[in-house]
Amino acid sequence: MTNKEEEINSTQYIEDVIREKSVKEMVLDQQDKLINSIKIGFKTLFYSKKWVIYVALAIMFLPVIIFIEIGIEEGSIIIEHPDEAFVDIVFGMLFPIIFIFGCLLMSLPLSSDEISDHSIELYLVRPIKREVYWLSRWIVINVTVYCVNIIIYFVYFLFTHAFAEKGVFAGIGENFDVFGGVAIFLLLATLIYSGTFLLVGMIGNRGLLLSFMLAIFELFFISMLFLSDSPYIPQNNLYEIANDILSDHVDFDTPKDLKLWFAQIYVTIFPIVVFVLGAFYLRMREFK
Amino acid sequence: MSKNSEKFDVIAKLDHVTKAFGEVVAVSEASFSVEKGKITGFLGPNGAGKTTSIKMILGLTRPQQGRVTLFGKDPFYNSSLKHFLGYIPEIEVFPKWMKARDYFFWLGRFQLTREEALRRADEILKEIGLEDVANKRIRKFSKGMKQRMKIGQALIHKPALIIGDEPFNGLDPVIRRNMIDLFKDYTRKYNSTFFISSHILFEMEKFSETVILMYKGRTIAQGSPIRIREMIDDQPHSIQITVKDSKKLSTLLINNADEEIVSQIKFQKDIHSNENQLIVLTNEPREFYSLVTDLVCNHEIPITEIKATDEGLENLYKSLTKR
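In order, the protein sequences belong to chains F and H. Under this note's numbering, the first sequence has 173 at position 173, and the numbering climbs by one with no breaks. Under this note's numbering, the second sequence has 321 at position 321, and the numbering climbs by one with no breaks.
Treat each hint with caution, since some may be false.
[To be verified] Here are the simulated DMTMM-like pairs of lysine to aspartate or glutamate, each with C-alpha atoms no more than 25 angstroms apart in a straight line:
id, chain 1, residue 1, chain 2, residue 2
1, H, Lys143, H, Asp74
2, H, Lys189, H, Glu205
3, H, Lys216, F, Glu286
4, F, Lys129, H, Glu92
5, H, Lys96, F, Glu174
6, H, Lys136, F, Glu121
7, H, Lys38, H, Asp181
[As the list claims (entries may be wrong)] If you anchor each label on the Cβ, the simulated ranges turn out as follows:
id, chain 1, residue 1, chain 2, residue 2, range
8, H, Val174, F, Leu62, 55 to 61 angstroms
9, F, Met60, H, Arg119, 45 to 51 angstroms
10, H, Lys99, F, Met60, 28 to 34 angstroms
11, F, Asp177, H, Asp122, 49 to 55 angstroms
12, H, Glu90, F, Ile151, 40 to 46 angstroms
13, F, Ile216, H, Arg139, 32 to 38 angstroms
Bear in mind the hints are in silico, worked out from the structure with no lab data behind them. Note that beta-carbon positions come from the ideal geometry of N, C-alpha and C, so glycine has one too.
Let the sequences and hints guide you as you build the complete structure.
Given below as structure tokens:
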């Protein structure tokens, strides 16, 4: 039998099997498999409890952050401008340190953990396309990282206003635009870092080490003078956009020659490139 | 079934396939086919290339040379073929959060509607005898229960082809017999094809219609179990039994078997679990397995595991390749 004849016969065989099985019982389109894979992904992340570690870390850092960013005078905390204090906390400590390691930590159960415990094989022997599987993981990690961070940042937002000089929660209503600006910034940061750590984690069993190195290198290079103006560092572009969104409340030291239009294009294209790379990588990847 | 469909009788095929990992050649010029509606045994010692061959059929890895087909197509790029495929992995693959019913439901949802997945999850739990622990977490299960869970998830969507990588590891003789009956049921009711790799030659012989022997990456024989049996009959076998009451079982074996069935018994402890083990040398493996099954059932002796040791199999395959 030639290969072509074999293919015609096999196609007919598959059609007959589907007919015999009753199509009503079967789910054939990829959209349903995507939704199923997303649900499994959320449950895997939820029960892995790495998000709990992240939330606990973020809250535990509260006293340190208060001390460094706000300062304690005569044993009490009084915040003159809660909006500025909140922005200082976000961009001084929360985002550059805690957010990035939180992203890394939360992406692990869906990247290197699923590869090392072989559960990815359990899913890929099912009729789900590799690209659809990747899309499900990408959606899950982005939604989770964003939601968890919104909650953490909201706690800090409430905290800074709880110690407002004018009274508890004074001016919180007027300052909601600051929280809104931070929420937009967080969305962009999530899209950049979640996908990146998911992709790096997928590379293999040493995903944690690789991701950790990536995070350290970015922070390290940022702190070095010769890269502080680099237009290719994600943080520089994110800070440029944050400067624009929150211009009424704060003014950051951003790279002098970085243009806003460049930063906007950069943060749009970066996640798309990472997503396409991941889909391509997973399509070619063999599980031995 | 249509005419073209009836002509289609080879579900999976390896055609002069070679696969190497670095300098290690896992599969070398291997060729065999899995025929529709049959139970095919896939035998070979550790490192023979069985798992690599299976992963190529599953589309998890690609050959460097040769052609692998599943339902006549390349499985690496055709995910839709996997609607008709069930896979029983060798290792334990259980997402930590899943309970027994969840496991079947969520995996079944990749192929089935919600209602059908729920219905089949309960049906499968009954078929594998775990309906009482449907709402318990899998990580608390014994090795044998986990093995049955792996078998169940592969059957949930009544696939046309079920590939099992050592599916009987860790099952006691009674459960193993039940699982074999379940496989036979699926072949009869749903015309399912089974492709099962195993170390336990004489269990495979009982229910497989064709046997493929693999050794050092090559297929060294393919044919009916009777023919293969004739080839390997003279070889002595070493069988390892992990059992709590090893003294009782050894006494029963000595009292109920002649020197051909039990030539030698050694006692040892498992390095990891510290459980008692018996290493039995036999010239009549088929009779030996039958005897052990009877003794275990009649005297209610709980067995953790029974398997042919690798050394015994190595000798067997070496002698086959010399022929």
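Okay, the hints, checked on the actual structure:
no. : hint                                    : verdict
1   : H:Lys143 / H:Asp74                      : violated, 34 angstroms
2   : H:Lys189 / H:Glu205                     : holds, 21 angstroms
3   : H:Lys216 / F:Glu286                     : holds, 22 angstroms
4   : F:Lys129 / H:Glu92                      : holds, 23 angstroms
5   : H:Lys96 / F:Glu174                      : violated, 45 angstroms
6   : H:Lys136 / F:Glu121                     : holds, 23 angstroms
7   : H:Lys38 / H:Asp181                      : holds, 14 angstroms
8   : H:Val174 / F:Leu62: 55 to 61 angstroms  : holds, 59 angstroms
9   : F:Met60 / H:Arg119: 45 to 51 angstroms  : holds, 47 angstroms
10  : H:Lys99 / F:Met60: 28 to 34 angstroms   : holds, 32 angstroms
11  : F:Asp177 / H:Asp122: 49 to 55 angstroms : holds, 53 angstroms
12  : H:Glu90 / F:Ile151: 40 to 46 angstroms  : holds, 41 angstroms
13  : F:Ile216 / H:Arg139: 32 to 38 angstroms : holds, 34 angstroms
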